[in-house]
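Peer 1: Build out the structure end to end from the sequences listed, making use of the hints.
Residue numbers (our numbering): 10 to 207.
By construction, these hints were calculated from the structure, which means they are not laboratory data.
Check before you lean on any hint, since a few could be wrong.
Claimed, not checked - Calculated cross-link-like contacts (lysine-lysine; reagent style DSS-like; alpha-carbon spacing at most 27 Å):
no.	residue 1	residue 2
1	Lys172	Lys182
2	Lys98	Lys72
3	Lys98	Lys58
4	Lys72	Lys107
5	Lys107	Lys58
6	Lys166	Lys182
7	Lys107	Lys41
8	Lys98	Lys166
9	Lys41	Lys58
10	Lys41	Lys172
11	Lys166	Lys58
Quantities reported herein were computed from a predicted structural model and do not represent experimental measurements.
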Amino acid sequence: MRKTLCLILAALLFLTGCTATPNISANTVMAKVREHRELLIQCAEEMQKFGLERVYVAIEFPKEEKDKNEKAPSVTTEAPVARLVSFEKESDDRTEIKNPILQEAIETLGLELIFFQTASDSRQTVIFSYTREADSGVQQGFYYSYDAMPAGWWGRKAELERKDQRWLQMNQKGDAWYYTVQIEDHFYYFEKNGYLLG
Numbered sequence: 010m011r012k013t014l015c016l017i018l019a020a021l022l023f024l025t026g027c028t029a030t031p032n033i034s035a036n037t038v039m040a041k042v043r044e045h046r047e048l049l050i051q052c053a054e055e056m057q058k059f060g061l062e063r064v065y066v067a068i069e070f071p072k073e074e075k076d077k078n079e080k081a082p083s084v085t086t087e088a089p090v091a092r093l094v095s096f097e098k099e100s101d102d103r104t105e106i107k108n109p110i111l112q113e114a115i116e117t118l119g120l121e122l123i124f125f126q127t128a129s130d131s132r133q134t135v136i137f138s139y140t141r142e143a144d145s146g147v148q149q150g151f152y153y154s155y156d157a158m159p160a161g162w163w164g165r166k167a168e169l170e171r172k173d174q175r176w177l178q179m180n181q182k183g184d185a186w187y188y189t190v191q192i193e194d195h196f197y198y199f200e201k202n203g204y205l206l207g
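Peer 2: See the structure below:
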């Protein structure tokens, strides 16, 4: 019963374009991917150049650092400046990087982050996300699949069930879902809600 309800919900979300970001419909995201296709292909190439199994790139403000001798964060009069950073896990320290291609994509498309993932089956994807992986609520974005095949949530290996033009993934309880649909060539749109085990 739950699985059926989740399938119906996923279909309704797809048909209505309901998303986590109220100003961005699925159709708008797909149009942006088509419009910026060449830039996004360059991003996939840039992410692969890191030579890592997984790596995130985002624009973030530096975290406040505490002076070793003080308990409170040090106070500066300079306003913090957002910078392009890379990291392998959300909890890792950030490495400031210079990459005009990745920065342009994040700023132009209003992305939260770009993520390169090598799944347990060695398939590689680059996820362009409007949210962080741990954010609650409906999450959306799109990805570049190097082998042009659909990928599970966050580029992970998963058993996807094909329904019409969509591929669906659900947890065993049936209270979390993910779907993906091909935009064109190697690009796929995705939406996800609830906790899915990778």
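Peer 1: Against each hint, give a clear statement of whether it holds in the structure.
Peer 2: Against the structure, the hints:
1. Lys172 / Lys182: holds (19 Å)
2. Lys98 / Lys72: holds (15 Å)
3. Lys98 / Lys58: holds (18 Å)
4. Lys72 / Lys107: With a Cα-Cα distance of about 19 Å, the restraint between Lys72 and Lys107 holds, given a limit of 27 Å.
5. Lys107 / Lys58: holds (13 Å)
6. Lys166 / Lys182: holds (19 Å)
7. Lys107 / Lys41: holds (24 Å)
8. Lys98 / Lys166: holds (19 Å)
9. Lys41 / Lys58: holds (24 Å)
10. Lys41 / Lys172: holds (25 Å)
11. Lys166 / Lys58: holds (22 Å)
The earlier numbered hints are all upheld by this structure, with none contradicted.
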